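Colleague: So you can see what is in the structure, the chains are spelled out below.
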Amino acid sequence: MQKIGVFVCHCGTNIAGTVDVHAVAEALKEEPGVVFSADYPYMCSEAGQNMIKDAIRDYQLTGAVICSCSPRMHEATFRKAATSAGLNPYLVEIANIREQCSWIHKDMPTATEKAIILGKAAIAKVHLNAPLTAGESPVTKRALVIRGGIAGIQTALDIAEAGFPVDIVEKQPTIGGKMTQLDKTFPTLDCAACILTPKMVDCAQNENIKIYSYSEVTDVKGFVGNFRVTIKRKARYVDETKCTGCGICTEKCPMKKVPNEFNLGMNNRTAVYIPFAQAVPKVATIDPEHCNMLKNGKCGVCAKVCTAGAIDYKQKDEFIEQEYGAIVVATGYNPIKLDRYDEFAYSQSKDVITSLEFERLTNAAGPTSGQLLRPSDGKHPHTIVFVQCVGSRDTSGCGKEYCSKICCMYTAKHAMLTREKYPDTDVYVFYIDVRTPGKNFDEFYRRAVEEYGVHYIKGMVGKVAPRADGTLLVQASDLISNEQLKINADLVVLAAAIEPDKTARPLATMLTASMDTNDFFTEAHPKLRPVESPTAGIFLSGTCQGPKDIPETVSQASAAAAKVIGLLVKDKLTCNPCVAHSDEWMCNGCSSCEKVCPYGAITYSDKEFKMPDRTIAIRRVASVNEAVCQGCGACTVACPSGAMDLKGFSNRQIMAEVDAICK
Amino acid sequence: MQRELIERAKQLLADGTVSRVMGWKAGEFGYDMTPAVFASSEELEKDFRYDDFCEANLSKYMIKESRKEGKILVFLKPCDTYSFNELLKEHRILRENVYVIGVPCTGKVNANAIRSRGIHGITGMSCDGETVTVSTLYGEETVPKNEAMAERCQNCKSKKHVIYDELFGEEGEVTGAPRFRMVEKLESMTPDQRFSFWRKELSRCIRCNACRNVCPACSCEKCVFDNDASGVANKAAADSFEENMFHIIRAFHVAGRCTDCGECSRVCPQNIPLHLLNRKFIKDINELYGEYQAGEDLETKCPLTDYTKDDAEPSIIYQRGGNR
Amino acid sequence: MQVNNEFKPKIIAFCCNWCSYAGADLAGTNRLNYPADVKIIRVPCSCRINPMFILRAFQRGADGVILCGCHPGDCHYTSGNYFARRRMTLLFSMLDYLGIEKERTRVEWVSAAEGAKFAATMNEFVETVTKLGENKRLEDLRCKEN
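Residue numbers (our numbering), protein chains in the order written: chain R, 1 to 663; chain B, 1 to 324; chain L, 1 to 146.
Bound conformation, chain R alone (with noise of 0.2 Å):
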């Protein structure tokens, strides 16, 4: 038998100046299985809240329905008292009848007659309320950041200082990332290995922090607080306990021309290498797909030469689980491919060139010891073009549509350093908007038009054509003086778009976290909360979220780890208890629900069910992980049977209120 108490708030004259509060708590009274009706000029005010307490107690109420005002204001004030009072929570229910009533109404019966069906429609509804329990579930106190660039490294660094252990999983041989291959950095200028390395040494000092270096997550189980990772290391040939970097293997292994992906093939390396000199860690790997040794077996000098004997060809690949409270995606981004833009003549002549690449012509640990020379004939350029956004902000459906962020202010410093170090060159860049809305940005932008002479033309380049005299021949158009132009250039480069990391993707899938259409991973709020993945416990560092300068990504990595720490700090989680339920007997275990299920909340199993006839059966049904699901519903509409439920929005109670509303 219910009993359900009513409390009609007057908010001052804010309801009671337009609805008859009154009339609503004397007609409310007449509901079936209301045992008390009243009203008050605030319900929300102490000795509001204590009347709802004394009725609660007085008349061993098993539901309240307060009239008053939004539930986004004070559902959770008025279900604090209920609960003081020893009635679940759970079993409040609100009838908002400020904002949705007697502020929009002005005439009185109407808004009386409103405010009296709004409360019965809360009242049928809190008939099928249930009491909830909010569950709780453990926090594994330890944070795994995935990929080890700037992203990564100010991520782990901040979690790590806050006192939490954080392992860092690098698919390359060391962590650094993308700006390791950068030369200076933009609007400042300082060189970017002298402000990376030092934190790269940090991470590999930082007792907190262990990397995994040359090393994949391969599995991902579990929910927030308590994920449990599969991570690959690859074999590196090399036992990173005994190796010391000292690089005479590098220096003896006679195969010596493997194009380094270090400077993007522009030079070589050998076999065994060490990425660059500042590597974390500083340890060798072998290429197996070079190394003669591991191909036919015929070599074996880096073994000999070693004097710490920690050359292993006989390594294999190992897989270790590890258990995460919280797991950080830091990505990253790469260039595009630029094999679509066959008018810039990127395959065709070796000196059309990308920026990044343009980086490590210009970078002292380059394969031109920072020298700018013609990669087809070593000579110093004169004339260069800086081609902007190929590939971006591209609606042809070559490229991305997208603006990449980064490449007007990289091509500034480009442009500015070339003519700094180079005063006698000529250098043109083409662009469609310049953009630098970032701080000191413009003022960066503006030195290199007016203090260095760049020229910036609007227009887009329409063709990079080789010439016989080993020169380029670049036609564009400038929009402003409407005329066609035609430069003879010794170096273009290209801004091409970025994109992220084609790792990403699959990462996405065994995180269930979700992904644009760009494969940028989606944020859980686009304002509110732009760190963190909706999927809970997936947190969002840096380019994998979209184009992001370093400053950017920097501020993005210690915000994503504030909110780590934040969920670290936590010993136990309390989960929303308005989520979804399966009726394993009825579900179908059809899988449409977990296919609509942002969160990945849906699991399946077979389990056995004794059923009616006696038999056992072994059926396939779904069940929820409560500390997973966010409550939204969507489950529910796709499940044909039933099955899935809402508790708190269940669907007899909105029905009820239909219902009710209807009558």
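It should be emphasised that the hints constitute simulated quantities derived from the structure, not laboratory data. In this text, all values refer to a predicted model and were calculated from it rather than measured experimentally. Among these hints, one or two may not hold up.
Simulated pairs of lysine to aspartate or glutamate, DMTMM-like, Cα-Cα distance not exceeding 25 Å [what the hints assert, rightly or not]:
#  : chain 1 : residue 1 : chain 2 : residue 2
1  : B       : K222      : R       : E608
2  : R       : K663      : B       : D228
3  : B       : K222      : R       : E584
4  : L       : K8        : B       : D192
5  : B       : K222      : R       : E594
6  : L       : K136      : B       : E242
7  : B       : K68       : R       : D583
8  : B       : K301      : R       : D219
9  : R       : K610      : B       : D226
10 : R       : K106      : L       : E124
11 : R       : K502      : B       : D306
12 : B       : K71       : R       : D606
13 : B       : K301      : R       : D519
14 : L       : K102      : B       : E242
15 : R       : K647      : B       : E221
16 : R       : K405      : L       : D74
17 : L       : K131      : R       : E113
18 : B       : K64       : R       : E594
19 : R       : K595      : B       : E313
20 : R       : K400      : B       : D310
21 : L       : K8        : R       : E31
22 : B       : K301      : L       : D74
23 : R       : K647      : R       : E626
24 : R       : K221      : B       : E299
25 : L       : K8        : R       : E113
Chain R is already provided as a structure; the job is to place chains B and L on it using the hints.
Modeller: For chains B and L alone, kept in the frame of chain R given last:
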């Protein structure tokens, strides 16, 4: 064909590949072939039939049969394989317990199609592949086979078996027949005309649940209409709204999963063209979200559990099709 | 038409908790008037709305049903409104196919900041449904005694 199928089934029973065979046998009337399970060569020899009258889609039976002890052999016509595949996709059938033999189909004779030509008092029928000879209380009539078939066979969507372990006859093709003509015709009517059309059709519903029971997509462990806790339970419709609600909800529940096998209309004792509801959803899905054939494969996502960011807005229905 | 016989439609608005319900609250805070015929039912997300709820509303005498959710792309649960969009498009198209006036059903995306849009939408919807008059077609379907 029937002989070959019996021989093959006997072989598979004999070598232990399967322990049961699902096929058709003659029903109450000689021309009404009904689904049946055979456990021995003798039973097969005695009762197994495969001819121009074997209309029933056997795939739904596999939900229960595949969970029994031992493997079962099932004969599936091309359109039945789509239902089978869709059920597999929804994890309803244990594939390893079913041996599928694809059987060719040139369309099946439908008694209602013959009755609709004004032929009544049917006592027996035979078909030589071209012509159906109908014996009636009033004498013998002949009907060309292609005119004696139900609409679903006249507008056959596919002669291709999308799944099988073994195939009899040639691999068929997806035909792409113009099966949406009636839906289009309804769409081009005024709402009043559409309303009276459906009023006339749906008001005949006696809620026998035959459509639901035969439908391979309607295979819920417990139907919402039988579940008191669902809030919509009703055994028999209390008013005609509930009749409509039943059919709308049923069509919605199978939307994106219905392979358009047409069994619902075939079994309806009141001859309500129920497939026109399902086809409306199929047509809308094809037009709005791209061509989709349920059961065609095991991978493609069902359009109702999928989306794109630039899907049409619901207001599209104000602009398209149908007169006002 | 006599004043006391003036037709007042029954309208149910399903609003998602995060955007549209907040938008409705904002309409209230800004004192933007819309007819009292509209009654709001709060649901966590537009994807929670089962076609059964809509049919039930019509069955029990509603003259119009409107569903409000976050704008596509802004769903609190990232994808809920995309599923709702497909479901409702198909359902409403089906109702239209059955000859039920399509103007009685509607989906509108209303953000938490769009109080004015919420009020305007409701005014417009009530006007449309009022013009259509009582839900005769579904009444016929219900075989209601006069």
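Colleague: Each hint should be assessed against the structure and marked as holding or not.
Modeller: Evaluated hints:
no.	hint	in the structure
1	B:K222 <-> R:E608	holds (18 Å)
2	R:K663 <-> B:D228	holds (21 Å)
3	B:K222 <-> R:E584	holds (11 Å)
4	L:K8 <-> B:D192	holds (23 Å)
5	B:K222 <-> R:E594	holds (19 Å)
6	L:K136 <-> B:E242	holds (16 Å)
7	B:K68 <-> R:D583	holds (24 Å)
8	B:K301 <-> R:D219	holds (23 Å)
9	R:K610 <-> B:D226	holds (21 Å)
10	R:K106 <-> L:E124	holds (19 Å)
11	R:K502 <-> B:D306	holds (23 Å)
12	B:K71 <-> R:D606	holds (20 Å)
13	B:K301 <-> R:D519	holds (19 Å)
14	L:K102 <-> B:E242	holds (20 Å)
15	R:K647 <-> B:E221	holds (21 Å)
16	R:K405 <-> L:D74	holds (23 Å)
17	L:K131 <-> R:E113	holds (23 Å)
18	B:K64 <-> R:E594	holds (23 Å)
19	R:K595 <-> B:E313	holds (22 Å)
20	R:K400 <-> B:D310	holds (17 Å)
21	L:K8 <-> R:E31	holds (24 Å)
22	B:K301 <-> L:D74	holds (23 Å)
23	R:K647 <-> R:E626	holds (11 Å)
24	R:K221 <-> B:E299	holds (23 Å)
25	L:K8 <-> R:E113	holds (13 Å)
Going down the numbered hints, you'll see the structure goes against none, and every one checks out.
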